[in-house]
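In case you want the letters, here they are:
2 protein chains.
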Amino acid sequence: MLIRPASPEDAAAIWSIMEPVVRAGETYALDRDMSRDDALAYWLAPDKEAFVAEQDGAVLGTYVLRPNQAGGGRHVANCAYMTSAHAMGRGVARRMCEHSLDHARALGYKAMQFNFVVGTNERAVRLWQSLGFEIVGRLPGAFAHPAHGDVDALVMFRQL
Amino acid sequence: MLIRPASPEDAAAIWSIMEPVVRAGETYALDRDMSRDDALAYWLAPDKEAFVAEQDGAVLGTYVLRPNQAGGGRHVANCAYMTSAHAMGRGVARRMCEHSLDHARALGYKAMQFNFVVGTNERAVRLWQSLGFEIVGRLPGAFAHPAHGDVDALVMFRQL
Chain A
1 MLIRPASPED
11 AAAIWSIMEP
21 VVRAGETYAL
31 DRDMSRDDAL
41 AYWLAPDKEA
51 FVAEQDGAVL
61 GTYVLRPNQA
71 GGGRHVANCA
81 YMTSAHAMGR
91 GVARRMCEHS
101 LDHARALGYK
111 AMQFNFVVGT
121 NERAVRLWQS
131 LGFEIVGRLP
141 GAFAHPAHGD
151 VDALVMFRQL
Chain B
1 MLIRPASPED
11 AAAIWSIMEP
21 VVRAGETYAL
31 DRDMSRDDAL
41 AYWLAPDKEA
51 FVAEQDGAVL
61 GTYVLRPNQA
71 GGGRHVANCA
81 YMTSAHAMGR
91 GVARRMCEHS
101 LDHARALGYK
111 AMQFNFVVGT
121 NERAVRLWQS
131 LGFEIVGRLP
141 GAFAHPAHGD
151 VDALVMFRQL
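Residue numbers (full-length UniProt numbering), protein chains in the order written: chain A, 1 to 160; chain B, 1 to 160.
Treat each hint with caution, since some may be false.
Since the list gives no way to pick one copy over another, a pair counts as held whenever it fits inside one copy or between any two copies.
[Said to hold, decoys possible] List time: in silico SDA-like cross-link candidates among lysine to any residue, alpha-carbon distance up to 20 Å:
no., residue 1, residue 2
1, Lys48, Glu9
2, Lys110, Gly149
3, Lys110, Ala144
4, Lys48, Asp38
5, Lys48, Ala70
6, Lys110, Glu134
Calculated directly from the structure, the hints in this document are not laboratory data.
Construct all of the structure, not just a fragment, from the sequences and the given hints.
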């Protein structure tokens, strides 16, 4: 699996990964009716660095990295990861997260924070924990899950 | 004290409040060299509702309210408050927070979250606690304080 910076030519592949995630509204706090253009503008915003995970010429996942805060918060990175619905269970998210941790360290970040991990997304919570993240905050009922109602969201954090 | 929506004519007063806060870099995760235009564009961004607290024709404070997240997170409000250096200790922040809680309730929000309360800002932490907020998260060393080095930032939350 090759993880490389995203290029403008990856837009269609990135949207094909984002679209089902956005429309489902179960794991990301994004408007479910978000347009393709808005979604790509959000993911590929100038304050973010975007990557894709590629295997045999197919884009299986994408992630973005940015400073989580400005000013005195710039030494903490924030990332978001999405895996193609066709590539679940193949370790794509784990590989992207490992890549992002290395890349963040190389850029001089001292820590990484996830601001809003939906509590019912147990697969993600376990994966991030296995990669060294701890739950440092719990936001009660902060996420309106389309099937489960208001569920907690978690803040996860690790030093680099 | 009158709390009213901010208008474009308040820009100079808002910047006079923001400038020392931004330059000090002790309580907000904003770049300390942020320009006037960038600061006002941030504070008066289209996704925020901005208010000012006024007494005898003088603007003593300003606050902004917005949804903390999109999509499934839109029922949780986020606010930020700044008080004029000349008006500290007069209850301006408390009055603005009370106003914001009422306003958020009126808009249908179910909760309010502060994402990044600098731990050394004890005055603010105590004030928010006295207004019903609880510390629901602690971000270890997430804020580079110009005098104290890396200090914790707190996530605070209350139902409405």
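Taking the hints in turn, this is what the structure says about them:
no. : hint              : verdict
1   : Lys48 <-> Glu9    : within (17 Å within a copy, 34 Å between copies)
2   : Lys110 <-> Gly149 : between (35 Å within a copy, 13 Å between copies)
3   : Lys110 <-> Ala144 : between (32 Å within a copy, 11 Å between copies)
4   : Lys48 <-> Asp38   : both (15 Å within a copy, 18 Å between copies)
5   : Lys48 <-> Ala70   : both (13 Å within a copy, 18 Å between copies)
6   : Lys110 <-> Glu134 : within (15 Å within a copy, 27 Å between copies)
In this structure, every one of the numbered hints holds.
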